[in-house]
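**Student:** In the order they appear, the protein sequences are chains A and B. The numbering of the first sequence is our numbering, which starts it at 1 and goes up by one. The numbering of the second sequence is our numbering, which starts it at 1 and goes up by one.
One thing to keep in mind: the hints can contain errors.
Said to hold, decoys possible - Below 25 angstroms or equal to it, Euclidean Cα-Cα: the simulated DSS-like pairs (lysine-lysine) are:
{"#": "1", "chain 1": "B", "residue 1": "12", "chain 2": "B", "residue 2": "53"}
{"#": "2", "chain 1": "A", "residue 1": "119", "chain 2": "B", "residue 2": "19"}
{"#": "3", "chain 1": "A", "residue 1": "42", "chain 2": "A", "residue 2": "80"}
{"#": "4", "chain 1": "A", "residue 1": "247", "chain 2": "A", "residue 2": "176"}
{"#": "5", "chain 1": "B", "residue 1": "12", "chain 2": "A", "residue 2": "140"}
{"#": "6", "chain 1": "B", "residue 1": "53", "chain 2": "A", "residue 2": "11"}
{"#": "7", "chain 1": "A", "residue 1": "42", "chain 2": "A", "residue 2": "71"}
{"#": "8", "chain 1": "A", "residue 1": "11", "chain 2": "B", "residue 2": "12"}
{"#": "9", "chain 1": "A", "residue 1": "282", "chain 2": "A", "residue 2": "300"}
{"#": "10", "chain 1": "A", "residue 1": "272", "chain 2": "A", "residue 2": "244"}
{"#": "11", "chain 1": "A", "residue 1": "272", "chain 2": "A", "residue 2": "260"}
{"#": "12", "chain 1": "A", "residue 1": "244", "chain 2": "A", "residue 2": "293"}
{"#": "13", "chain 1": "A", "residue 1": "176", "chain 2": "B", "residue 2": "53"}
{"#": "14", "chain 1": "A", "residue 1": "164", "chain 2": "A", "residue 2": "176"}
{"#": "15", "chain 1": "A", "residue 1": "71", "chain 2": "A", "residue 2": "140"}
To be verified - Across the chosen pairs, the derived CB separations fall in these ranges:
{"#": "16", "chain 1": "B", "residue 1": "3", "chain 2": "A", "residue 2": "195", "range": "45 to 55 angstroms"}
{"#": "17", "chain 1": "A", "residue 1": "200", "chain 2": "B", "residue 2": "69", "range": "16 to 26 angstroms"}
{"#": "18", "chain 1": "A", "residue 1": "11", "chain 2": "B", "residue 2": "20", "range": "31 to 41 angstroms"}
Please keep in mind that the hints were generated in silico from the structure rather than gathered at the bench. Using N, Cα and C, we set each Cβ at its ideal position, and we do this for glycine too.
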Amino acid sequence: MAEVFYVASRKGLFTYRRNGADWKTGAPNFLGEPVSAVLKDKRDGAVYAALNLGHFGCKLHRSDDDGASWKELTPPAFAKAEDGDEDAPSVNLIWSLETGGDDEPGVIWAGVNPGALFKSEDHGESWTLIESLWNREERKGWFGGGYDQPGIHSVLVDQRDSKKLTLGISCGGVWKSDDGGTSWRLTGDGLRSDYMPPDQSQDLNTQDPHRLAACASDPDTIWCQHHNGIFLSRDGGETFVEFKDVKPAVFGFAVAVHPKDPDTAWLAPGIKDEYRVPVDAKLVVNKTTDGGKTFTPQSKGLPEPSYDLVYRHALDVDETGDRLVMGSTTGNLWTSDDGGTSWRQLSTHLPPIAQVAFG
Amino acid sequence: MAQVSFTDNLQKHLPCPPKAAPGDTVRAVMEAVFVENPPLRGYVLDDQDRLRKHVNIFINDVAISDRVTLGDPVAETDRVFVFQALSGG
């Protein structure tokens, strides 16, 4: 099982390392700074940390010695508009970082607000805006979900063919590329939104997939925790089916998928929209092992009463599928070593957690 | 030349000692500073070279009014202060 995981928090990056039967962490990197995304590149061992400095903008750092030292990189940025447009874009959040395929050493993808995708081919040293997506006319129909502007939070790279990409955009639906980002198409038939007029509820371009997660051994299986429910695709995000009447709730942000079993997934449900807290103040992780036919709320080791909210990147599973880690906006942190059946609380006093990620 | 100084909060991220810089507008003065300290640009300005939303620049005792083109005039004897706003934290 994984021996290291990272916690991207409102006040720094914490690294937890296995210490016998326990976990050990020290002082965070970037103390006091909001860490919006963290990525361990398992191809070369580098660790990337994206910061969202409240005053001084988005920054990106890379460590080549597992956090002992960091190098500040030039972060993704838009080119300066030639016409001096006052509304010209500026990156205001690096929301997701993902590695390219195993056959693409040094390739890193960054999903940002406002609704753009950037690519680096040199380990994050320089970045290129994917204009083929940015220039799509449909982008003007996207809108903010959680933030004022739309953002790309999920970047899935098909390890069978690293040119095949799938994006999750809040709120801009699901987009796919079969040619490494040269061209894009809007997919996601079957997704449904309640926040649009009835005749627009199935409009693909305004869907709010809170998080997409693909099965590592079966990349065609993509689970989606959507604003309006739980959805599953068996064809790589082309189409989705919905699971309704899932208790305690179908709303949530995070989803994780077993790396070897596409029928097993975990979600962190809550009361939707204006509440965003656990149902009946009882925190559970909802687990399915049969491809969504049934979901079983797992509560052993999780608090009650609880007002924890688990953000979309704050639930992760390791390569065995047995070890999970979950963090909340209340600064609580849990791990599980039995596939999410029982949970152990590691901390009750961390800063608000944006992401957890195994190293 | 105008005397430019930076909030201590920026020193946490990168060196930016007080600097005498030529120029008759805030833009000109800051560009002169950035020539010698390129990484500082992204901390003070956004992708479009606008003043970041939660950064303030004062000329002597007065906050600049043009946060987009940084066209406020600067005199040779002016002091320019780059501050962290109280918002944005």
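**Student:** Next step is simple, just say for each hint if it's right about the structure.
**Tutor:** Going down the list of hints, with the structure as the test:
no.	hint	in the structure
1	12(B) - 53(B)	holds (19 angstroms)
2	119(A) - 19(B)	violated (36 angstroms)
3	42(A) - 80(A)	violated (34 angstroms)
4	247(A) - 176(A)	violated (31 angstroms)
5	12(B) - 140(A)	violated (38 angstroms)
6	53(B) - 11(A)	holds (21 angstroms)
7	42(A) - 71(A)	holds (18 angstroms)
8	11(A) - 12(B)	holds (15 angstroms)
9	282(A) - 300(A)	holds (11 angstroms)
10	272(A) - 244(A)	holds (14 angstroms)
11	272(A) - 260(A)	violated (30 angstroms)
12	244(A) - 293(A)	holds (10 angstroms)
13	176(A) - 53(B)	violated (34 angstroms)
14	164(A) - 176(A)	holds (7 angstroms)
15	71(A) - 140(A)	violated (36 angstroms)
16	3(B) - 195(A): 45 to 55 angstroms	holds (53 angstroms)
17	200(A) - 69(B): 16 to 26 angstroms	violated (40 angstroms)
18	11(A) - 20(B): 31 to 41 angstroms	holds (36 angstroms)
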